[in-house]
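Trainee: Sequence:
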Amino acid sequence: MVRKVLVISDTHGSIESFEKIIKLVGEIDLIIHAGDYLYHGPRNRIPKGYNPGRLAERFKEFKDRFIGVKGNCDAEVDFMLMETSELPAVKFTSLNSKKILVFHGHKLVESGNAEIIIGGHTHIHKLSHYDRKIIMNPGSPSLPKDGTAGTFGFIEFGNIITFSIFDLNGMLIEKEEFK
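At position 105 of the sequence shown (counting the first as 1) the number is 105 in the working numbering, and the numbers step up by one without a gap.
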């Protein structure tokens with residue numbers, strides 16, 4: 001059973017923010033990434049600790065424990081560096097018998113029977129529940145647009161599923177529980 005899941009999005013090539021997150025969360029069973037892995041994009045500044053090659057190497061270490069979707073700043077060369085095939089824009093999957101939808105974008109997508117909806121792109125963290133569904137946007141650890149020092153999500157599976165958003169200082173920002 002998968003117990004500890006790191007949920008990230010919009011890393012935009014910042015190895016520094018990724019390493020901070022890994023140091024904070026410790027051992028994890030899985031990473032879910034909601035897009036925009038390595039390139040900062042033409043409208044964003046270069047993030048602190050920008051080193052897309054090193055970040056690609058770190059992502060490869062989690063290759064068998066990684067679920068991801070393509071973001072608007074992702075290109076074929078990014079996936080080549082990460083040694084993965086091109087990722088879909090939307091991904092439906094199942095984890096511990098919970099149906100999960102992962103996407104990247106600012107438009108709503110049809111969630112179908114997904115119980116957990118994870119989205120990226122806005123660089124603004126959000127955690128809410130609606131109609132027996134949990135909606136999580138982990139924000140961005142490297143280029144936040146919500147006034148934080150950068151954020152990431154964490155899901156812990158047990159008798160109750162705990163969804164949390166933390167900042168890069170390890171401070172809990174939001175938390176929801178789900179059965």
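There's no promise every hint is true.
[Said to hold, decoys possible] The calculated EDC-like cross-link candidates involving lysine to aspartate or glutamate, where the alpha carbons are at most 16 Å apart (straight line), are:
| id | residue 1 | residue 2 |
| --- | --- | --- |
| 1 | Lys-126 | Glu-174 |
| 2 | Lys-23 | Asp-167 |
| 3 | Lys-126 | Asp-167 |
| 4 | Lys-133 | Glu-115 |
| 5 | Lys-133 | Asp-146 |
| 6 | Lys-145 | Glu-176 |
| 7 | Lys-4 | Asp-131 |
| 8 | Lys-63 | Glu-83 |
| 9 | Lys-48 | Glu-16 |
| 10 | Lys-133 | Asp-64 |
| 11 | Lys-98 | Glu-83 |
| 12 | Lys-48 | Glu-19 |
| 13 | Lys-4 | Glu-156 |
| 14 | Lys-133 | Glu-110 |
| 15 | Lys-60 | Asp-29 |
| 16 | Lys-63 | Glu-115 |
| 17 | Lys-63 | Glu-86 |
| 18 | Lys-4 | Asp-64 |
| 19 | Lys-91 | Glu-115 |
| 20 | Lys-133 | Asp-167 |
| 21 | Lys-91 | Glu-61 |
| 22 | Lys-133 | Glu-177 |
| 23 | Lys-179 | Asp-167 |
| 24 | Lys-179 | Glu-110 |
| 25 | Lys-126 | Glu-86 |
[What the hints assert, rightly or not] Computed Cβ-Cβ distance ranges for the label pairs, DEER-style:
| id | residue 1 | residue 2 | range |
| --- | --- | --- | --- |
| 26 | Asn-96 | Phe-62 | 27 to 37 Å |
| 27 | Tyr-130 | Glu-61 | 16 to 26 Å |
| 28 | Gly-53 | Glu-86 | 25 to 35 Å |
Treat the hints as calculated values from the structure; they're not laboratory data.
For each residue, glycine too, the CB sits at the ideal point set by N, CA and C.
Trainee: Now tell me, hint by hint, if it's right for this structure.
Mentor: Cross-check of the supplied hints:
no.	hint	verdict
1	Lys-126 with Glu-174	holds, 8 Å
2	Lys-23 with Asp-167	holds, 13 Å
3	Lys-126 with Asp-167	holds, 12 Å
4	Lys-133 with Glu-115	holds, 5 Å
5	Lys-133 with Asp-146	violated, 23 Å
6	Lys-145 with Glu-176	violated, 22 Å
7	Lys-4 with Asp-131	violated, 24 Å
8	Lys-63 with Glu-83	holds, 9 Å
9	Lys-48 with Glu-16	holds, 7 Å
10	Lys-133 with Asp-64	violated, 27 Å
11	Lys-98 with Glu-83	violated, 28 Å
12	Lys-48 with Glu-19	holds, 12 Å
13	Lys-4 with Glu-156	holds, 5 Å
14	Lys-133 with Glu-110	holds, 13 Å
15	Lys-60 with Asp-29	holds, 14 Å
16	Lys-63 with Glu-115	violated, 25 Å
17	Lys-63 with Glu-86	holds, 13 Å
18	Lys-4 with Asp-64	holds, 15 Å
19	Lys-91 with Glu-115	holds, 13 Å
20	Lys-133 with Asp-167	violated, 23 Å
21	Lys-91 with Glu-61	violated, 21 Å
22	Lys-133 with Glu-177	holds, 11 Å
23	Lys-179 with Asp-167	violated, 25 Å
24	Lys-179 with Glu-110	violated, 22 Å
25	Lys-126 with Glu-86	violated, 27 Å
26	Asn-96 with Phe-62: 27 to 37 Å	violated, 18 Å
27	Tyr-130 with Glu-61: 16 to 26 Å	violated, 35 Å
28	Gly-53 with Glu-86: 25 to 35 Å	violated, 19 Å
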